[in-house]
Amino acid sequence: MISRFSTMFCALAATVVAALPATAQDSVKIAYVDPLSGGGASIGEVGLKTFQYLADWTNAHGGIAGHKLEIAAYDNKLNAQETLVQVQKAIDSGIRYITQGNGSAFAAAIEDFVAKYNDRNPGKEVLFFNYAAVDPVLTNDKCSYWHFRWDANSDIKMTALTNYMKTRPNIKKVYLINQDYSFGQSVRTEARKMLNAKRPDIEIVGDELHPLLKVTDFSPYIAKIKASGADSVITGNWGQDIALLIKAAADAGLQADWYTYYAGGTGGPTAIKQANLTDRVFSIAEGVPNDPYQPAREFEKAFRDKVGVALFYPRAVNEIRMFVKAADEAKSVDPIKVAAKLDGMKVTVYNGGDGFMRSDDHQFFQPMYISSFGPLTKDQPFAEENTGWGWTERGKIDTPDTMVSTTCKMNRPS
Amino acid sequence: MSDVASGVANVPAREALSQPGAAAVVRLAAPWLALAVAFAILPAIFTSGSALTMLSLMGIMIVFALSYNMLLGETGLLSFGHAVYYGLGGFLAVHAMNTIIHDRLPIPLPLIPLVGGFSGLLFGIIFGSVSTRRAGTAFAMISLGLGELVASSSLILRGFFGGEEGVSTNRTKLLHVFGLNFGPQIQVYYLIAGWCLLCMIAMYALTRTPFGRMCNAVRENPERAQFVGYNPRMVRFIAFSLAGLFAGIAGALAAVNFELVNSSEVGAGQSGLVLLAAYIGGIGSFIGPVIGAVLVTWLEVMLSDVTDVWQLYFGLLFIGMVMFAPNGIAGLIMMHAPLWQARAYRPMLRLALVYLVALAPALVLLAGLILFTEMTYHLSVKATEGTTISVFHIAVDAASAKSWAAAAILIAGGFWLFRMTWPVVGAAWHEAFAQARGAGSVK
Amino acid sequence: MLELVTISTLNGVLYGMLLFLMASGLTLIFSMMGVLNFAHASFYMLGAFFGFQISQIVGFWPAFFIAPVLVGGIGALVERYGLRHVHRHGPVAELLFTFGLAFVIEEVVQMIWGKAPVDYRVPALLDFSAFTAFSTNYPAYKMFELLTAIAIFAVLLAVLTRTRVGLIIQASLTHSHMVAMLGHNVPRVFMLVFGVGTGLAAVAGVIAGPALVTQSNMAGLLGPILFVIVVVGGLGSLAGAFLASLLIGLVQTFAVSINLSVADVLGGIGVAPPAGGPLFDLWNVTVAQIAPIIPYLLLVLILIFRPTGLMGTREH
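Chains as they are written, first to last, in this note's numbering: chain H, 1 to 414; chain A, 1 to 443; chain W, 1 to 316.
I should point out that these hints are in silico values taken from the structure, not numbers from a laboratory. Hints are supplied without guarantee of correctness; some may be wrong.
Example chain A residues on the side facing chain H (calculated, C-beta under 8 Å, incomplete) [said to hold, decoys possible]:
hint, residue
1, 53
2, 159
3, 166
4, 260
5, 351
6, 435
Glycine is no exception: its CB is placed at the ideal position from the N, C-alpha and C atoms.
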């Protein structure tokens with residue numbers, strides 16, 4: 001809300017200044033389209049703060065191709081048609097870069113809309129930067145030249161996870177529990193396939209799909225997990241589905257390891273600490289706050305001091321840095337030129353290590369980290385959600401070991 | 001009540017029926033022609049892209065809200081699951097479009113809303129045969145249950161509902177007629193406007209038929225309707241099916257506009273929205289839902305830019321209407337209809353002036369309440385962002401006592417002044433009516 | 001197998017009791033005043049948040065008594081200044097008023113406590129395992145929930161049928177004019193009933209808060225199920241609500257443990273699977289996947305075949 005007014009004010013001031021016969025300093029705006037009210041707002045607001053911080057940081061470090069970077073916030077109210085309305089509004093006010101991440105369904109709607117819009121309005125192209133929507137289909141069957149994804153998609157995460165599990169001989173019986181929608185289903189399908197290929201000795205003793213964000217009491221599911229005798233659980237659950245699941249597990253005294261995608265999200269650390277699951281909950285992500293890479297630690301510290309929450313999206317840092325790099329190299333903020341530079345770009349990522357944006361499908365590949373949640377040692381400064389516990393790195397999977405193939409047949413502009 | 005409620009057009013129409021010939025037809029058709037012209041020139045007035053999108057959304061919502069009013073306003077059936085027919089109409093429309101594209105059938109885009117209408121009618125008949133056995137609270141509960149059922153099954157029947165992403169399509173790939181490919185939004189707007197006009201005429205005509213009158217009768221007194229020889233259950237059933245038909249058309253128009261339909265279109269949120277729109281506009285008249293649809297669409301799109309707690313304002317507006325203006329905005333306007341009919345213009349003007357005077361403290365009160373709400377919200381949820389917020393483009397420090405004192409003064413002062421104007425407004429009202437009675441033919 | 005059945009039964013009864021705690025207030029309000037309170041789940045949520053906030057200051061046990069009283073007070077005020085005013089506009093207006101109220105309460109809660117879950121903990125006194133059944137621990141807290149729910153049911157039944165106040169309330173329902181003529185303050189009785197009903201919902205909130213996640217979307221998650229219970233049990237019957245809560249709690253819990261799908265049943269008899277389309281989805285769906293929508297199926301079936309509910313006494 002504040003940035004919207006300051007954006008308008010800045011835009012107004014910019015137009016006034018531009019009217020004078022002097023060097024105009026236009027700002028480049030990114031439309032942030034995510035839930036900012038209602039149920040998803042707690043996640044949407046964190047993302048917005050992250051991007052605003054990154055915009056400020058960019059402007060303090062030379063701007064983007066000589067322009068200032070600004071974030072304009074649009075509330076999509078967790079509704080696909082509303083998302084399209086807001087994207088249309090953004091485009092109408094002259095914005096040519098859209099970023100979104102919370103909800104693959106909305107990302108799919110945006111990707112489709114942007115592809116059609118660019119097709120019907122040549123010369124007014126718009127780019128879509130996806131920072132968190134991980135449904136693999138967005139860079140496979142539904143891929144588009146105008147879409148770039150910075151989050152490791154669900155298949156990549158499972159590849160990294162199973163590569164780590166390959167090295168853990170104590171895993172014998174695995175239970176799969178996921179949310180019943182496209183993302184959850186892709187998690188379970190890939191888990192089965194990859195475990196079968198890499199550790200055929202592991203027995204999959206259960207495979208559960210439950211309704212998305214509707215279950216309030218997971219104890220029946222925990223009972224089933226117990227009855228199956230599983231020693232490890234793989235789940236892609238997020239939001240309250242992971243928090244309640246862990247709570248129920250704690251209540252029932254389930255002794256198992258948890259391999260998750262989003263246990264680090266809001267509410268997760270609190271639930272894990274409440275449940276006293278010391279170093280039994282693992283998470284796969286593109287960065288760990290307590291990783292010894294010094295530049296990342298400094299950034300994290302400055303971020304936490306200013307914004308007051310942990311940096312949930314190291315990939316947002318990569319996104320903005322690569323955007324700036326592409327614009328600087330192209331000496332322009334025109335979407336077509338920026339897209340051409342982003343296509344196939346190689347960078348050193350936020351957490352150190354090499355990453356690149358694959359040309360075939362515009363999926364970014366980067367090192368992945370497995371970490372567990374538990375008590376910290378003295379040289380680990382970052383705790384989560386005032387619990388006193390934090391994430392400790394347990395394994396790193398280098399970029400080449402995270403590669404997955406793609407079915408994308410991309411239509412490139414000539 | 002129904003006379004007043006049916007709008008100004010009612011009186012000329014009745015007079016017209018007793019005057020045979022061209023003059024009668026012209027008087028009947030005049031409002032609709034005017035509306036058609038208005039629809040046609042609106043894009044010339046509001047030229048920006050997002051205005052065009054908003055007008056298209058309003059057109060869709062008008063059809064949807066009017067179809068809802070067929071249930072609530074006309075037949076007295078409160079439904080919490082009307083979005084089912086809207087959403088299913090949309091789904092069938094996208095599937096039809098995809099089939100047409102795939103099989104290269106020679107069916108142009110303007111005919112697609114018929115698919116939506118058919119789907120709405122079909123499901124209206126199927127679900128209606130079950131729901132309309134009961135009326136009142138039981139009917140409301142069934143509609144809620146059915147709505148939840150359909151919304152939940154959308155995640156199970158992934159083939160039809162497309163799962164979380166929904167089903168998407170491309171409206172430019174159908175058969176092109178008159179050189180129109182319906183890519184640009186302006187073409188879509190005219191398509192929606194055309195269908196909206198058609199549906200409005202159809203639904204208005206329905207209210208004028210004996211069937212429409214029987215719906216009203218069933219709403220007021222079902223037992224008596226039985227004495228006249230009509231089966232209330234059958235009347236409700238037909239009304240329900242027809243309401244489903246028009247909701248389906250609205251859903252198909254939305255499908256064409258967004259080229260995407262997903263399971264939230266059948267959900268409780270969409271049902272609640274149309275209820276809000278119809279009720280705020282006024283369920284006692286034909287034009288009420290139209291007003292409500294326009295207002296709610298505008299608020300829904302623009303309000304979230306201005307404040308994060310737009311849902312709260314929505315809810316408060318709704319409660320305010322339920323408590324103080326149960327006939328909605330149209331009802332408030334219709335209260336003045338006798339004055340208009342008696343052509344008592346000067347009393348009306350005087351009344352309007354008094355309203356303006358009473359409006360000033362009301363606005364002050366409103367400003368104070370908004371300030372209070374925004375500051376509370378900011379302090380409790382966004383405290384980490386610093387305490388300065390921007391209300392009405394004025395920077396306000398939410399943590400300073402001065403701001404809170406200002407809010408308190410605005411609220412208290414505004415309320416007190418507003419209170420003082422009530423007797424004045426009441427007196428002006430009575431005076432206006434007395435003058436009108438003296439001057440003309442007010443009943 | 002036996003383990004699964006035992007545990008599912010225990011879980012189902014516990015879940016059902018929690019639902020009953022909430023539905024009891026709703027049934028009371030409806031049976032006494034004929035108003036279907038859409039905002040009932042919102043009062044439940046208020047109870048949870050008030051309980052959380054007060055327990056931060058003075059601890060869980062005082063909160064257990066103070067929070068419901070506060071929320072009940074708010075409920076009484078809502079009745080006095082809101083519902084009573086709207087009453088003259090008819091039943092539709094009353095329903096819509098409570099509908100709007102639910103909306104507003106959720107927004108206000110979000111405004112004050114934010115959208116993220118709050119850290120509402122089980123009190124230390126009850127934070128142990130009551131017993132262990134087949135290697136699954138049963139927290140003492142859940143036993144406490146169970147006992148409270150049963151106690152409330154017993155007290156409610158006793159008050160309504162055996163005390164003078166209860167008889168006046170019952171009489172006011174059907175013969176409010178006569179009761180007024182006999183000298184009782186009927187509007188005040190209604191206000192009392194609404195306050196008590198919402199207070200009961202708040203008790204459910206105070207207790208359920210630590211067990212489930214206390215978040216601003218609590219009301220939306222449990223609201224529809226409440227209506228299903230009240231309607232299935234019978235509009236106006238407390239015993240019916242008790243039965244329906246147990247039924248739905250057990251059905252939902254058992255349904256989750258069953259991985260049977262249509263494919264297993266029909267395929268076992270030898271019916272061939274359909275090639276594609278919507279029937280294919282139905283073919284593969286398991287009972288566990290449709291567990292959350294079973295209550296709505298029940299609702300629709302009951303409303304069609306037995307509109308008065310399982311034990312209902314009034315037709316509406």
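Hints, verified against the model:
A distance limit of 8 Å between C-beta atoms decides the matter here; for residue 53 of chain A the minimum to chain H is near 5 Å, and the interface restraint holds. Taking 8 Å as the C-beta cut-off, the interface hint given for residue 159 of chain A is violated, the closest approach to chain H being about 13 Å. Annotation: residue 166 of chain A was flagged as interfacial toward chain H, and the flag holds, the nearest CB pair being 6 Å apart, inside 8 Å. Contact between residue 260 of chain A and chain H, as hinted, is supported at the beta carbon level, the nearest pair being about 5 Å apart and thus within 8 Å.
Annotation: interface hint on residue 351 of chain A violated; nearest CB of chain H at approximately 38 Å, more than 8 Å. With 8 Å as the threshold, the beta carbon of residue 435 of chain A stays out of range of chain H, its nearest partner Cβ sitting at about 48 Å, so the hint is violated.
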